[in-house]
Amino acid sequence: MIRALFEYQFLQHALLAAVLVSIICGLIGVIVVEKRLLMMSGGIAHTAYGGVGLGYLLGFEPILGAFFFAILAALGIGRIRRQGFARGETVISLFWSLGMALGVLFIGLMPGYPPALNSYLFGNILAVTRADLILTAVLTVVVLGLILVFFQHWKAFLFDDTFAAILGLPTAWLSYILLVLVAMTVVALIRVVGIILLLAMLAAPAAIASMFKISLAKRMLLATGVGLGISLAGLGLSYTLNLPSGAVMATLGALSFFLARLVMTILFRQKRKAGASDAPRRKERMR
Amino acid sequence: MLLSDNHRPPVLEITGLTVHYGDHAALSDVTMTVREGQYLGIIGPNGSGKSTLLKAILGQVTPTRGSVTVFGRPLSEALGQVSYVPQVADLDRSFPMSVREAVLTARISSRIRPFFRYSAEDQVLATELLERVGLANLARNPLTDLSGGEFQKVLIARALARQPRLLLLDEPTANVDTTSREQIYQLLGSLHDDITIIMVTHDMLAITSHVDSLACLNRQLVYHGGPQLDQQTVNRLYGCPIDLIAHGIPHRVLPEHKEENEHDPGLV
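As they're listed, the protein sequences go chains L and R. 1 is the number of the first residue of the first sequence in the numbering used here; add one for each residue after it. 1 is the number of the first residue of the second sequence in the numbering used here; add one for each residue after it.
No lab work stands behind these hints: they were computed from the structure. All the pointers check out, no bait thrown in.
Once the Cα atoms are required to be at most 25 Å apart in a straight line, the calculated SDA-like pairs of lysine to any residue come out as:
#	chain 1	residue 1	chain 2	residue 2
1	R	Lys55	L	Ala165
2	L	Lys271	R	Asn141
3	L	Lys35	R	Ser147
4	L	Lys35	L	Phe257
5	L	Lys218	R	Asp122
6	L	Lys213	R	Asp92
To list a few chain L residues with every Cβ distance to chain R over 12 Å, as calculated:
#	residue
7	Gly76
8	Ser97
9	Phe122
10	Arg130
11	Gly275
Restraint ranges, calculated between C-beta atoms of paired labels, are given here:
#	chain 1	residue 1	chain 2	residue 2	range
12	R	Ser67	L	Thr90	31 to 37 Å
13	L	Arg130	R	Gly47	58 to 64 Å
14	R	Pro74	L	Arg130	50 to 56 Å
15	R	Asp194	L	Ile134	56 to 62 Å
16	L	Phe10	R	Ala136	54 to 60 Å
17	R	Arg140	L	Pro170	26 to 32 Å
18	L	Val138	R	Gly47	48 to 54 Å
19	L	Pro170	R	His24	26 to 32 Å
20	R	Gly225	L	Ser97	54 to 60 Å
21	L	Gly108	R	Tyr21	42 to 48 Å
All C-beta atoms in this analysis are idealised placements derived from N, C-alpha and C, irrespective of residue type, glycine included.
Chain L extracted, bound-state conformation:
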């Protein structure tokens, strides 16, 4: 595969996409998992499908349609939740269904045979184009920049938004910006793992990193590393075994999480047992 990597441009695109997506997932995934925004992310992702459909119908790049729909969904869900018109879960579910429905309707309105939409629904890292790559790179730079430059402010806001408001931080703006960052991450993931499978890539690396008692920055770094491992392994497996890449990555992500959880549980039990068996000896020594 290494030789093929130098020969084929599509593999170079795939490799770069894997690196970029791992970075963006490492940063935003940790926040999404910590602030329990996974369902919100799913809602934004599925709403983006409406944009894909609109792109095909009107003849512009579908991923740009997905981008605008994702941003609108993030701001819409955020606004409705803040206004308290409806419960967050209700709003997310409605956006989720509405986006998918609009996508199907827009495609249905197209004359002739419908386009192949599998790569948007289930992703295909081996089909990432130069345009996709540029968009993903821009999104990664924006997300990385906004998180790193204002890292301490984000940390204070994420820990306690009420106290952040008392500090005078613009918490309403920070909430909306965070949702827009989630929307950007979702769009970056669509071409790699697809709308339906992207939650696994967003959640798994961050959830594995959250098993360790480390700082927020280290957790983000670890999640990036884990994400990179999953996406590169997924890329390698899907290329060599000719399997759908999105499904391979999502499966690897989920399995990695369960495996990590199992290992941590076994280690914790062993530690507890060791502690219990040491207790009489410690008592003895104290005497």
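Position chain R against the provided structure of chain L, taking the given hints into account.
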């Protein structure tokens, strides 16, 4: 501070404050003044609007009517002099942050600066405050290692790191063991010479022996005066029979409440 001491300047002035959540009036026409150096406890049954009052003071809810001024100005102009301690249950203790970092967050200024770093003075202040609340040895530990009482002390240290003149606390002794509770009351007692304190609580026995004034809230202000309550006020505040109040874990509200005489909570 004596309540009759009206010479001290007002720190907080609430006038005709009414707050609605939809059609439901959470607070109705509350008017009160808190003066410098006062240590005020706010009590009331569940749903009486205590937390809403704190939120209104902090600008977290928009009043339907009335006004709140802090140091004679709207809150937005006096934010730098106000600090707040939330309930431990409101925050996620598993958030990946060290004890020291949590205290330091209070030193972030409202003017957002790129690549903000805490100054050496901020670090010294955080160390001093952690020593003051008895947690200097845990400064590097993650928050997830702390007990409820220790976490509450971290939140108090964080609030103090703002170097406030007005400190608001929402149930600082809920979900806290007896030893920590006493330590927290002692700490607050040592602060109120310099800081005006307003504390919402259910812990009536403790509050009456620590605060110098009391406000009883049941959507309206039922009582505002000295820390000793008479039976009539308690009955007006809670109604009868008096219930134990719970926020997840039952609080000690009226521990001397007698079964045979539900109208005699034995408070006075």
